Amino acid sequence: MNNFQNKTKIIKVSKLLRVILSVGLFLWMLAAICFFTAIVIPIAILPAVRAGVHLDPPKTYWLCGAILCAALAFVVNLKLFAFFGRLKDGHLFDAQTVGSLDAAGKWWITFWILEGLFYQIGHVIFQIANGWNFGGLFAGLALIFVAWLLKEAQELQEEQELTV
Amino acid sequence: MPIIVNLDVVLAQRKMRLNDLAAAVDITPQNLSILKTGKARAIRFSTLEAICAHLECQPGEILEFRPETEKKKQPIRT
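Line by line, the protein sequences give chains W and Y.
Position 86, counted from 1, in the first sequence is what this note's numbering calls 86; the numbers after and before it change by one each time, with no gaps.
Position 8, counted from 1, in the second sequence is what this note's numbering calls 8; the numbers after and before it change by one each time, with no gaps.
Chain W with its partners taken away, still in its complex shape (with noise of 0.2 Å):
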């Protein structure tokens, strides 16, 4: 009984959990169209516009990568709410819930070295503030982590269904 009650109290939270991410890659996709439909677009399309935002190096380096970050990190929410997904729909241990913890984890790792790059690459050569930290790697390694730990439960609970 201990068990079960633990388990509903996980998929409720997940559920919490999920629809937070939900309403944060909700915004995040209102922000993105917003972002190439008043600003990328115009500057792409328009010569007038390009002339008049002057679109230096700099600017041009830092937009770039801003987007990529943005995009990268969104993979990440996105391999996030999958997760959430799956605990919420009672699937704790199984391999698809623990593939979506991996990935996400290493796609976070993938975002942190590339934040690095661009942040490295910018200050080098733009003199862009260098704003990049380990946050992103310890986090990504804890799920890593996480998704390993699941991994072997998934294994003993395979083990456990299989005993007659």
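It is worth saying that the hints were derived from the structure and are not from the lab.
There's no promise every hint is true.
Claimed, not checked - Now the stretches of chain Y that chain W is said to cover, found in silico as 3 or more residues with beta-carbon under 8 Å:
| hint | stretch |
| --- | --- |
| 1 | 30-39 |
| 2 | 42-50 |
What the hints assert, rightly or not - Now the in silico label distances, taken between C-beta atoms and shown as ranges:
| hint | chain 1 | residue 1 | chain 2 | residue 2 | range |
| --- | --- | --- | --- | --- | --- |
| 3 | W | A142 | Y | T69 | 40 to 46 Å |
| 4 | Y | G38 | W | A70 | 35 to 41 Å |
| 5 | Y | P67 | W | A73 | 53 to 59 Å |
| 6 | W | G135 | Y | E64 | 40 to 46 Å |
| 7 | Y | L18 | W | A142 | 33 to 39 Å |
| 8 | Y | G38 | W | V13 | 35 to 41 Å |
| 9 | Y | A53 | W | T110 | 55 to 61 Å |
| 10 | W | F145 | Y | M1 | 29 to 35 Å |
| 11 | W | E161 | Y | A53 | 21 to 27 Å |
| 12 | Y | Q13 | W | E155 | 31 to 37 Å |
| 13 | W | H91 | Y | G38 | 22 to 28 Å |
| 14 | Y | G60 | W | D94 | 35 to 41 Å |
Only a predicted model underlies this, so the values are computations on that prediction, with no experimental measurement involved.
Think of the CB as a built atom: it goes at the ideal place given N, C-alpha and C, for glycine as much as any other residue.
Chain W is already provided as a structure; the job is to place chain Y on it using the hints.
What follows is chain Y alone, placed relative to chain W:
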């Protein structure tokens, strides 16, 4: 898997169906099917006891050890 389950052989010898055995030993037919088809990873002693009691057989009649092929065997080093 080196452990072979011969439950279907014993059932055929006793002219009994899997569902009847499942009802008699209070195990679901699905679990017994997992055992019969060799997909089970482990069997509890209580389950083995119930099956052997109902089929009036020894565990050795249901479970058989068949070692792996010769070329995969590693020599025992002392």
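Would you pick out the hints that fail for this structure and give their numbers low to high?
Of the numbered hints given earlier, those the structure breaks are 4, 6, 7, listed in rising order.
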